[in-house]
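> Listed below, chain by chain, are the residues.
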Amino acid sequence: MLTLDIPLEPEGLEAAQARIEAFLEQGGASERVRYKVRLILDEMIANLQLHGRFDADRLARARLRWDGAGVQLRLEDTAAPFDPRATADPRSPPSLDDDRVGGLGLSLVRKMAEIRGYSRLAEGWNQTEFFVSDS
Amino acid sequence: MDIIESTAGTAKVAGLRGRLDTATAPAAETRLLEMLADGGSVVVDLAEVHYVSSAGLRVLLKAAKMARVAGGGFAVAAPQPSVREVLEISGFDKILEIHATRDAAAASFG
Numbered sequence: 001m002l003t004l005d006i007p008l009e010p011e012g013l014e015a016a017q018a019r020i021e022a023f024l025e026q027g028g029a030s031e032r033v034r035y036k037v038r039l040i041l042d043e044m045i046a047n048l049q050l051h052g053r054f055d056a057d058r059l060a061r062a063r064l065r066w067d068g069a070g071v072q073l074r075l076e077d078t079a080a081p082f083d084p085r086a087t088a089d090p091r092s093p094p095s096l097d098d099d100r101v102g103g104l105g106l107s108l109v110r111k112m113a114e115i116r117g118y119s120r121l122a123e124g125w126n127q128t129e130f131f132v133s134d135s
Numbered sequence: 001m002d003i004i005e006s007t008a009g010t011a012k013v014a015g016l017r018g019r020l021d022t023a024t025a026p027a028a029e030t031r032l033l034e035m036l037a038d039g040g041s042v043v044v045d046l047a048e049v050h051y052v053s054s055a056g057l058r059v060l061l062k063a064a065k066m067a068r069v070a071g072g073g074f075a076v077a078a079p080q081p082s083v084r085e086v087l088e089i090s091g092f093d094k095i096l097e098i099h100a101t102r103d104a105a106a107a108s109f110g
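Here the protein sequences come in this chain order: A and B. Position 119 (the first sequence) corresponds to 119 in full-length UniProt numbering; numbering is contiguous. Position 8 (the second sequence) corresponds to 8 in full-length UniProt numbering; numbering is contiguous.
All the pointers check out, no bait thrown in.
Within a straight-line C-alpha distance of at most 20 angstroms, the following computed SDA-like cross-link-like pairs (lysine to any residue) qualify:
id, chain 1, residue 1, chain 2, residue 2
1, B, Lys-65, A, Leu-96
2, B, Lys-94, A, Ser-95
3, B, Lys-62, A, Ser-95
What the hints contain is simulated information worked out from the structure, not anything from laboratory work.
With the rest of the complex left out, here is chain B (with noise of 0.2 angstroms):
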């Protein structure tokens, strides 16, 4: 798993490539939640991952939750189809906020 730091507009843009799974959460979780501990905003773009196991939901789970603690904002961006459907069966779709493309997830943070 690599993790290519970027910005768009204000937010951060961290975009992962790889399997998010329980090999590769532990130091993509570390680096979210370092991210997001200014209270910033920050874009997970998951274009290149093409693949995500529980391991990976609970990663997207916790940034979410840090955000929101921090004050900051929190959005996944491009999930190719078969993350996306990981993403709906499990309901996180009703949880995060989720966009098309990364440079639409950060100006949904106004």
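The shape of chain A in the complex, shown without the other chains (with noise of 0.2 angstroms):
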């Protein structure tokens, strides 16, 4: 199990990355795998940078778990209440007329990993639980 701080600015986040990408290349991740991971927290902590409201410190930490057939990911974060699973899609398939864009990486991380749950723990923290399969 590999518990890390994920800093919110780019710098931080890159070197989060490497960190997880090392633990899940140890593990045996498969390389499909670590790209789902990646992108998951690229775009979740993209959206806390953009629309995360804070009332406190921003801070946000993951833990992942890698048992040989996925990778199951707590991402927490002290940003106002946001349930992931609640949003609606954008509409679908994009389109070169359309210039809305915007929910493209919710939609992304959706289609890469399961949202297998979302709390707002007592302490003002956002706990969201994702599973990546390795298929």
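If you follow the hints, you should be able to join the two separate chains into one complex; please do so.
Structure, rendered in structure tokens:
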């Protein structure tokens, strides 16, 4: 299992991504799973940076467990409550006539992973559980 | 992210190398839009790109729109399997011209 803080700025995020990549590679996770995990973290953190409302410290952390069949990813943050399961998907497919491409990142996350749960913890953290299958 | 520029037939080719993500998308977008500004045709060669996020997809979408406005052509070439999967699940394979090689992409402009 790997637990780490995720800095909400590009350089820190890349360092965290590199640690996660090494952890998963060492455990034998396929390149495809590693791609999916990187993308989910990229998109969720970008979403926090762009849309997250923070009343206190801007914090995020991740916990990953690789079991040979997939990755359980728990992502926690101190932004205002946000359940990624509750947002509507953008219209699909995208179009060259439509400038509205918002929601693309979250749409990719939903297609790359199963979102198994969301909770708002008493201490003011969002907690979202993802499962990324190696298939 | 490196961008290596060359030509194939009458098309300009932008060979991207590395990750096309939040960190690299702004520079890639700027250069691609500059290459398209004169109304010519541009191929984005993704053979050396091993990761694309939604920020990268938006760059490709903006480039395709710019090509249409400027009266030029725009095509994507040689995506790696993992990148192709992202193009497919996002539906971008339906709106972008995607070819197996840069030469095939360049030839598609006629």
